[in-house]
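Visitor: This is what each chain is made of:
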Amino acid sequence: MKKKKKKAHSSAAVNSKLLRRPIRRFGWLFLLPMAISFLIGFIWPFLQGLFLSFCKFRTTKKWTFVGIDNYLRILDDEQFLYSFIYTAIWTIVSVVLINVIAFAVAYALTQGIKGTNFFRTVFFMPNLIGGIVLGYIWSMIFDGILSYYNTNILEKTEFGFWGLIILMCWQQVGYMMIIYVAGLQAVPEDMIEAAKIDGASGWKTLTRITIPNVMPSITICTFLSLTNGFKLYDQNLALTEGLPGVLDKATGLNTYTTEMIALNISKTFGQSGAFSKGEAQAKAVIFFILVATIGLLQLTSTRKKEVQQ
Amino acid sequence: MKKFFALLLVLVLAVSLAACGGETGKDDGDDAKTGSVYWLNFKPESDAALQEIAKMYTDETGVKVTVVTAASGTYNDTLTAEMDKATPPTLFVVGNDAAVKDWGEFCYDLTDTEIAKELNTDAYQLFDADGKLCSIGYCYECYGIIVNKALLDQAGYSMDDITNFETLKAVAEDIHARANDLGFDAFTSSGMDDSSSWRFTGHLANLEYYYESVDAPDAWKTCPAEIKGTYMDNYKALYDLMVVNSATDRAQLAAGGFDANAEFAEGKAVFYANGNWEWSSLNEKGLKAEDLTMIPYYCGVEGEEKAGLNCGTENYWAVNAEAKEEDIEATLAFMKWLVTDAEASAKAVETFGVMPYKNAAESSNPFLAQANAYASAGNYTMPWVTNFQPNVNEYRKGIVSAMNAYNADPTDANWDAVESAFVAGWASNYAAVNG
Amino acid sequence: MAKTVKKVKAPKGKPKKLWLTILFGLVSVFYMAPIFLVALNSFKKNTFVKTQTFALPNAESWAGFENFKTGMTLGGTFWKSVFYSLVITVLSTFLIIIVTSMAAWYISRVNSFFCKFIYFACVFSMVIPFQMVQFTLARTADTLKLNTPWTIPIIYLGFGAGLAVFMFTGFVKSIPLEIEEAAAIDGCGPLRTYFKVVFPMLMPTVISVSILELMWVWNDYLLPYLVLDRTKGYMTIPIHIQYLKGSYGTVDLGATMALIFMSIIPIIIFYLTCQKHIIKGVAAGAVKG
Numbered sequence: 001m002k003k004k005k006k007k008a009h010s011s012a013a014v015n016s017k018l019l020r021r022p023i024r025r026f027g028w029l030f031l032l033p034m035a036i037s038f039l040i041g042f043i044w045p046f047l048q049g050l051f052l053s054f055c056k057f058r059t060t061k062k063w064t065f066v067g068i069d070n071y072l073r074i075l076d077d078e079q080f081l082y083s084f085i086y087t088a089i090w091t092i093v094s095v096v097l098i099n100v101i102a103f104a105v106a107y108a109l110t111q112g113i114k115g116t117n118f119f120r121t122v123f124f125m126p127n128l129i130g131g132i133v134l135g136y137i138w139s140m141i142f143d144g145i146l147s148y149y150n151t152n153i154l155e156k157t158e159f160g161f162w163g164l165i166i167l168m169c170w171q172q173v174g175y176m177m178i179i180y181v182a183g184l185q186a187v188p189e190d191m192i193e194a195a196k197i198d199g200a201s202g203w204k205t206l207t208r209i210t211i212p213n214v215m216p217s218i219t220i221c222t223f224l225s226l227t228n229g230f231k232l233y234d235q236n237l238a239l240t241e242g243l244p245g246v247l248d249k250a251t252g253l254n255t256y257t258t259e260m261i262a263l264n265i266s267k268t269f270g271q272s273g274a275f276s277k278g279e280a281q282a283k284a285v286i287f288f289i290l291v292a293t294i295g296l297l298q299l300t301s302t303r304k305k306e307v308q309q
Numbered sequence: 001m002k003k004f005f006a007l008l009l010v011l012v013l014a015v016s017l018a019a020c021g022g023e024t025g026k027d028d029g030d031d032a033k034t035g036s037v038y039w040l041n042f043k044p045e046s047d048a049a050l051q052e053i054a055k056m057y058t059d060e061t062g063v064k065v066t067v068v069t070a071a072s073g074t075y076n077d078t079l080t081a082e083m084d085k086a087t088p089p090t091l092f093v094v095g096n097d098a099a100v101k102d103w104g105e106f107c108y109d110l111t112d113t114e115i116a117k118e119l120n121t122d123a124y125q126l127f128d129a130d131g132k133l134c135s136i137g138y139c140y141e142c143y144g145i146i147v148n149k150a151l152l153d154q155a156g157y158s159m160d161d162i163t164n165f166e167t168l169k170a171v172a173e174d175i176h177a178r179a180n181d182l183g184f185d186a187f188t189s190s191g192m193d194d195s196s197s198w199r200f201t202g203h204l205a206n207l208e209y210y211y212e213s214v215d216a217p218d219a220w221k222t223c224p225a226e227i228k229g230t231y232m233d234n235y236k237a238l239y240d241l242m243v244v245n246s247a248t249d250r251a252q253l254a255a256g257g258f259d260a261n262a263e264f265a266e267g268k269a270v271f272y273a274n275g276n277w278e279w280s281s282l283n284e285k286g287l288k289a290e291d292l293t294m295i296p297y298y299c300g301v302e303g304e305e306k307a308g309l310n311c312g313t314e315n316y317w318a319v320n321a322e323a324k325e326e327d328i329e330a331t332l333a334f335m336k337w338l339v340t341d342a343e344a345s346a347k348a349v350e351t352f353g354v355m356p357y358k359n360a361a362e363s364s365n366p367f368l369a370q371a372n373a374y375a376s377a378g379n380y381t382m383p384w385v386t387n388f389q390p391n392v393n394e395y396r397k398g399i400v401s402a403m404n405a406y407n408a409d410p411t412d413a414n415w416d417a418v419e420s421a422f423v424a425g426w427a428s429n430y431a432a433v434n435g
Numbered sequence: 001m002a003k004t005v006k007k008v009k010a011p012k013g014k015p016k017k018l019w020l021t022i023l024f025g026l027v028s029v030f031y032m033a034p035i036f037l038v039a040l041n042s043f044k045k046n047t048f049v050k051t052q053t054f055a056l057p058n059a060e061s062w063a064g065f066e067n068f069k070t071g072m073t074l075g076g077t078f079w080k081s082v083f084y085s086l087v088i089t090v091l092s093t094f095l096i097i098i099v100t101s102m103a104a105w106y107i108s109r110v111n112s113f114f115c116k117f118i119y120f121a122c123v124f125s126m127v128i129p130f131q132m133v134q135f136t137l138a139r140t141a142d143t144l145k146l147n148t149p150w151t152i153p154i155i156y157l158g159f160g161a162g163l164a165v166f167m168f169t170g171f172v173k174s175i176p177l178e179i180e181e182a183a184a185i186d187g188c189g190p191l192r193t194y195f196k197v198v199f200p201m202l203m204p205t206v207i208s209v210s211i212l213e214l215m216w217v218w219n220d221y222l223l224p225y226l227v228l229d230r231t232k233g234y235m236t237i238p239i240h241i242q243y244l245k246g247s248y249g250t251v252d253l254g255a256t257m258a259l260i261f262m263s264i265i266p267i268i269i270f271y272l273t274c275q276k277h278i279i280k281g282v283a284a285g286a287v288k289g
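First to last, the protein sequences are chains D, P and F.
Residues in the first sequence are numbered from 1 upward in steps of one, following our numbering.
Residues in the second sequence are numbered from 1 upward in steps of one, following our numbering.
Residues in the third sequence are numbered from 1 upward in steps of one, following our numbering.
None of these hints come from the bench; they were simulated from the model.
All C-beta atoms, glycine included, are put in the ideal place defined by N, C-alpha and C.
Check the hints yourself; a few may be wrong.
As the list claims (entries may be wrong) - In silico PhoX-like pairs for lysine-lysine, Cα to Cα no more than 20 Å straight-line:
| id | chain 1 | residue 1 | chain 2 | residue 2 |
| --- | --- | --- | --- | --- |
| 1 | F | Lys45 | F | Lys17 |
| 2 | D | Lys114 | F | Lys80 |
| 3 | P | Lys268 | P | Lys285 |
| 4 | P | Lys324 | F | Lys145 |
| 5 | P | Lys268 | P | Lys288 |
| 6 | F | Lys145 | D | Lys61 |
| 7 | P | Lys324 | D | Lys62 |
| 8 | D | Lys304 | F | Lys173 |
| 9 | P | Lys288 | P | Lys149 |
| 10 | F | Lys232 | P | Lys64 |
| 11 | D | Lys249 | P | Lys336 |
| 12 | D | Lys267 | D | Lys56 |
| 13 | F | Lys245 | F | Lys69 |
| 14 | D | Lys114 | F | Lys17 |
| 15 | D | Lys61 | P | Lys324 |
| 16 | D | Lys56 | P | Lys101 |
| 17 | D | Lys267 | F | Lys173 |
| 18 | F | Lys173 | F | Lys196 |
| 19 | P | Lys221 | D | Lys62 |
| 20 | D | Lys267 | P | Lys101 |
| 21 | P | Lys358 | P | Lys336 |
| 22 | P | Lys101 | D | Lys61 |
| 23 | P | Lys55 | F | Lys232 |
| 24 | P | Lys285 | F | Lys45 |
| 25 | P | Lys149 | P | Lys285 |
| 26 | P | Lys132 | P | Lys101 |
| 27 | F | Lys173 | F | Lys116 |
| 28 | P | Lys43 | D | Lys249 |
| 29 | P | Lys55 | F | Lys80 |
| 30 | F | Lys245 | P | Lys43 |
| 31 | F | Lys232 | P | Lys324 |
| 32 | P | Lys43 | F | Lys232 |
What the hints assert, rightly or not - Partner residues are not named here, just some residues of chain D that face chain F (Cβ under 10 Å, in silico):
| id | residue |
| --- | --- |
| 33 | Phe42 |
| 34 | Gly49 |
| 35 | Phe51 |
| 36 | Val100 |
| 37 | Phe124 |
| 38 | Ile141 |
| 39 | Ala194 |
| 40 | Phe223 |
Generate the whole structure from the sequences, applying the supplied hints.
Guide: Spelled out as structure tokens, the structure:
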């Protein structure tokens, strides 16, 4: 990212000729396997996908070029707009909650309480369970609770929203916490001691010394939770599948109030009709551009606040 | 850290050893000349039976038959991905008009093929706009209202007492009123969750479309761009009858989680709206064929005394026109075998209910027998007009949300929303996929 | 910064915060509860999972090992799915670690235009929604015969390389050049320098990346579903679980819970045996990102 800064601050980026030449000769061994599979597994399908977003297609072999028609069709798609806003709101809430909770837990766990290692082990564990499975587990739990009130998670938008937040917190807090713990332990103790001697309050120490020093952790954690949030699919599908739907009386169509963008795209792919697949592909392109922009903006903006050591 | 890495290394070694074993063992021989069959099935429930049938055929003829089942609700996606592959499905499902529009260009013209000549009716054929025979039904089903005659008898009624909506209503309301004394209610629960809502948004809805199509047969030759909703009141009447005269409070229907099949099997209700496929599970749970029958959707339409059951299917075979010549041949031969071979068709009929082919095994399903009885008595059979529903998943979900609101608060205003989901929803969804 | 994380030690002389321990103890119980609920409900009959989610199985709802039986036979043999899942996960992770760490080292040491291009492409690939490439990737994989459990790791390597390269590059940059230069002066070629000197230093990141990739591949559903050659009967555990959903919205919850239980057991065992390294690795590897 910030190449100049890195050069000035760490010896690593300074390239030594002693190393570079012999490594270059082995380029085929070091870089080629990765470059080829990257081409196969990512670049080629991605370019094809990009191209297909300008096509009407049934299968990827049978396409007709239609220009920007697919993109124009998206403009009329209210569900897509709704899903986008919903995803944005949901992601913001989840990023804030996950990071605040993870940071708080990490902060508490670095204060030397008993059983720290045990708690870390426990909190990290849910991170190992996968998306669809997570959705099944939590829909069982939520339905189990809500059945006492004669309702279920599919009945109200709020249930779906907060249910997914709880689910994601459960899954992700542990991972983020580990990263924050590492960041907190890297804060130079003498700085904190010095602040104390200067009579700074606990809160001031936290905001003036600790937080600026764990900025690298914050950067990576927010980046991960942000992109995870925007790309969220499995959990959304397995927990509510976008339900409940709210009916528009004039058109007789539903707006799915917990449907996030990735799910919307995949549902569009599954629809019948000659245009749906091209439209879904175009949605995916827009979605990609959005996530990429937001992710990179976030990275550069928090990177700026990082303290150089 | 070393432990972690060692563990990973050991696993890699173990796996690659196994890999070598696996690699050498997978020599399929050359089936290139004889051709092979790849059936992309869409019902997870019938997967096990189809695998057996495939094995039977391979044992008998040496032709390889592969059955792959798409995960629930992903048939279209799976087909899209599979059709691109080097070995695409040779046999797949094109179950309604919309699917013909989507996949028609991949369909081999079945006109005058041997398998098409085996059909004993022309009811289950789908053509594209140019008149190409794209797909043919491999089985058909019927639905209506399943009746437990034994319980009806206990309540002091016989089948002769039910001939139209008025009489059905009278019987159901009387049973519901005496439910506490009788120990059973009129209708089973009518859950509106995914596992049950299709009984109302798909099946029951058929009466509305069917009677509309009788009024305007020309408009309904293909999927109409819009519908009138002329028979929505009849739909409402029957739906309300089912929901009100049941042990389950209608406000709870949206949450779902009911097991109507179990309620019926345990003798807690006399009437159960569903189809012939329920027979095997009801039979397993101890109900006898002589105690069961199925009646039409009586809904107050003029002349409905002569109504029959709703018969149709969404199980249509299409053969992939882009497959290799020999694979197409092999597939057609396999299809023919499946509907003519005594043992194979018996197995298939056991899974699918009944197959509309001259030489297929007879079905023992009492509900299908009932459907035939109605037909031979001169009653009109109601075909599955419901198969025209545009953008079907979305359309039905729209109806479900409206009906949930209506069940929570059964006012006229809320019923208007249901009508809108039916009528305006049809037009909007039609436009969405055809526009 | 290349050193691993210090062990947590109580700052001297401070009173132990007992109430925090108690609070976290309680939270831990709630944290583990979902996993226990899965185990509990896998022994209940289907209809009772929804109605008595939190109750212990009783005489009426007890299903014994019936759920495990149904789950394991429906949709093919379960052990086959476990085997293929294992093959795919282990091979993919192994491949990703070796190949991307080598590439990352090359990228940060050579730093040519092409390297920068690859690096940025990797960062971009991290934010690509899978839907964007689902059909094109499935087709590419099929054309190149990367559709078996033995070859699909190459697809995983390609699609998942982004995150790995990103993390490895971050870490490699923090390794002082002097060490490698010393090795080079001693006559080590790049290969020996890499495997003898650099790779051991990368260990924390190796673990961190392994965990991320292991979890992703083990739990991934859509990619193997679309890519694997299903006509040969290749399945993974998540695909297997999906087959418990019937075509008319019916789900056998009991059997689903049984399968979920069986699919998370290996992970939990793996985690508990290596948990110290995993947590250290994640901590040390991630800060550098």
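Visitor: In ascending order, which of the hints set out earlier in this document are inconsistent with the structure?
Guide: 1, 2, 11, 17, 19, 28, 36 and 39
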